[in-house]
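All chains should be built: construct the whole structure from the sequences, respecting the hints.
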Amino acid sequence: MGAITLKNVRKTFGETEVIPGVDLTIEDGEFVVFVGPSGCGKSTLLRLIAGLEDVTSGQILIDGRDVTGEAPARRGLAMVFQSYALYPHMSVRRNIAFPLKMAGMPQAEQEKRVARAAEILNLGPYLDRRPGQLSGGQRQRVAIGRAIVREPSAFLFDEPLSNLDAALRVNMRVEISELHNNLKTTMVYVTHDQVEAMTMADKIVVLRAGRIEQVGSPLDLYHKPVNQFVAGFIGSPNMNFLGGATAARRGAHVIGIRPEDWVISRTEGRVKGKVTVAEHLGSDTYLHITLEDGNHIVARSPGEFPVTVGEELFLTGAEGRIYKFDEQGLAV
Amino acid sequence: MATLHQRSLARLMVAPSVVLLFLWMIVPLGMTLWFSFQRYNLLMPGMEEFTGLGNYRYFLSDPGFWISLQNTLIMVGGILAITVIGGIAIAILIDQPIFGQGYVRILVIAPFFVMPTVSALVWKNMFMNPVNGLLGQVSRAFGAQPVDWLSQYPLFSIIVIVSWQWLPFATLIFLTSLQSLDSEQVEAAEMDGAGIWARFTNLTLPHMGRAITVVILIETIFLLSVFAEILVTTNGGPGYQTTTLTYLVYTQALLQFDVGGASAGGIIAVILANIVAFFLMRMIGKTLD
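Protein chains in written order, with the UniProt record's numbering: chain A, 1 to 332; chain B, 1 to 289.
Simulated from the structure, these hints should not be mistaken for lab results. Source: prediction; values computed, not measured. Do not rely on the hints blindly, as some may be mistaken.
What the hints assert, rightly or not - In the SDA-like style, the derived pairs of lysine to any residue whose C-alpha atoms are separated by at most 20 angstroms in a straight line are: (1) K101(A) to A198(B); (2) K274(A) to S301(A); (3) K286(B) to D128(A); (4) K224(A) to A331(A); (5) K7(A) to K203(A); (6) K101(A) to E187(B); (7) K286(B) to G132(A); (8) K286(B) to R130(A); (9) K101(A) to F200(B); (10) K101(A) to E190(B); (11) K101(A) to P206(B); (12) K101(A) to G193(B); (13) K101(A) to W197(B); (14) K324(A) to K203(A); (15) K101(A) to L205(B); (16) K101(A) to T204(B); (17) K286(B) to R129(A).
See below:
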């Protein structure tokens with residue numbers, strides 16, 4: 001009940017072309033994440049789906065119905081905003097009930113739905129407070145509550161976690177994933193954080209400058225990036241790219257090796273480098289290494305790796321885990 | 001102001017200005033109070049004597065007192081209603097993106113820069129005059145009898161003139177308030193299915209609550225003392241129809257030369273203003289949490 005199809009959707013602001021033409025199919029019940037660097041048009045794309053911006057040309061279909069010219073409220077979607085966008089002068093209860101009130105739903109039904117949403121989101125004790133009296137995480141939950149009471153055909157999230165602190169972000173991430181598992185409603189989620197994308201998505205859409213670079217499951221993107229941009233964007237820390245002679249030896253313009261794919265040794269290896277910074281996280285050790293040819297790379301070693309700054313190490317890219325790219329940055 | 005020492009030093013430093021401001025207020029008030037208990041008429045110099053509450057008795061039993069009190073309340077209430085409702089409407093209109101927005105905004109704000117006597121005279125001679133005024137000419141163009149605004153509807157005319165002056169102030173405050181409304185909230189309401197009117201009543205109006213109370217408070221303070229517009233247009237007349245409390249005090253002091261009676265009137269006006277201020281403060285206390 002929430003399949004969204006974009007057919008050659010374009011968006012220009014005056015002279016500037018923000019989205020030069022996007023085709024995308026979102027299946028019913030899918031959790032789709034739009035990810036990309038800031039300014040890549042991912043929020044604009046979401047707002048086009050929501051109806052908060054008019055498309056310049058192209059079509060948006062929801063469940064096969066053309067909604068391109070329809071008002072946001074009639075599309076049957078609900079949106080959670082980055083700033084939560086709660087109504088500050090209304091209690092939590094009235095905030096959550098607002099879309100129902102606007103739809104002219106009977107009072108009893110409104111109360112039933114608000115109570116159910118409050119139960120799902122653990123908002124019971126806060127129903128009579130104002131948004132200003134809540135913490136960031138609670139406000140986020142109220143915003144989600146306001147979205148779920150409408151029982152929309154799809155949820156749209158616009159960077160909902162970026163105003164939360166790191167610990168809370170991880171919690172809310174899990175909560176949103178659980179919510180998706182329970183409701184089984186289509187969710188479209190915009191973020192610039194590839195960790196959020198990897199952990200939550202059924203399907204990731206990587207965008208750059210308004211164009212879709214690649215669409216696929218998280219592990220698809222991780223293992224088979226179509227180009228250097230996607231390879232560099234997915235995975236944390238970022239993939240290391242080496243050009244020049246090292247790449248030429250393998251018949252590529254640039255080769256990419258993920259930090260976790262380095263074999264680190266004190267005695268032998270293909271390249272030698274000096275440790276400049278070592279980050280000990282307990283579970284992993286990230287080594288920032290300057291190679292002899294001047295390239296700077298990051299290598300990850302599981303567990304603890306006792307090392308001192310300035311120490312020389314040998315590194316070898318794990319065979320079969322080396323990504324090759326041609327002059328255009330496309331994967332070979 | 002962390003330590004006791006810093007606090008007492010701070011008190012010492014602000015003391016001179018506090019003392020000065022206190023004297024600034026208390027000396028005129030004290031003198032007015034003093035005069036209000038004196039029989040003090042400028043036409044009879046040297047005959048000043050203490051009369052107790054005599055001045056108050058005369059002022060309160062003046063045939064013009066109750067009607068002027070009523071006029072004051074009607075005038076202030078009328079102007080407040082027009083400026084608040086009209087101000088919100090104009091603010092919403094000039095907040096829309098239109099061609100020449102900057103010029104339109106300057107034009108809307110312009111009346112505020114015109115001094116009260118001038119604007120009142122412009123209204124009196126160029127708009128409301130039944131022979132030369134624009135409104136009279138328009139009625140004649142339609143073959144209707146021109147209305148002599150200032151003698152047929154004097155209080156209403158005063159309300160119109162003063163509202164015209166204060167609309168820009170209200171509009172300006174409401175415009176800044178409108179522009180501080182979070183656009184994501186508006187979009188959220190749009191997604192929630194709220195139409196234009198529902199967005200206005202559920203989102204815009206509550207958001208502007210604070211600005212509205214500020215406008216009402218500031219305007220009330222100034223409107224209670226409206227004087228120049230009345231003096232140059234109607235002189236309080238015809239009869240007592242546009243005599244407000246301020247104007248009545250003026251007639252006592254400068255037309256009847258009764259300083260004692262005028263002082264008593266002034267004190268009564270201060271008391272009334274404080275009663276109004278009390279209710280306004282309670283209203284503000286509710287909106288400012």
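Those earlier numbered hints the structure runs against, lowest number first: Number 14 - this is the single hint that the structure violates.
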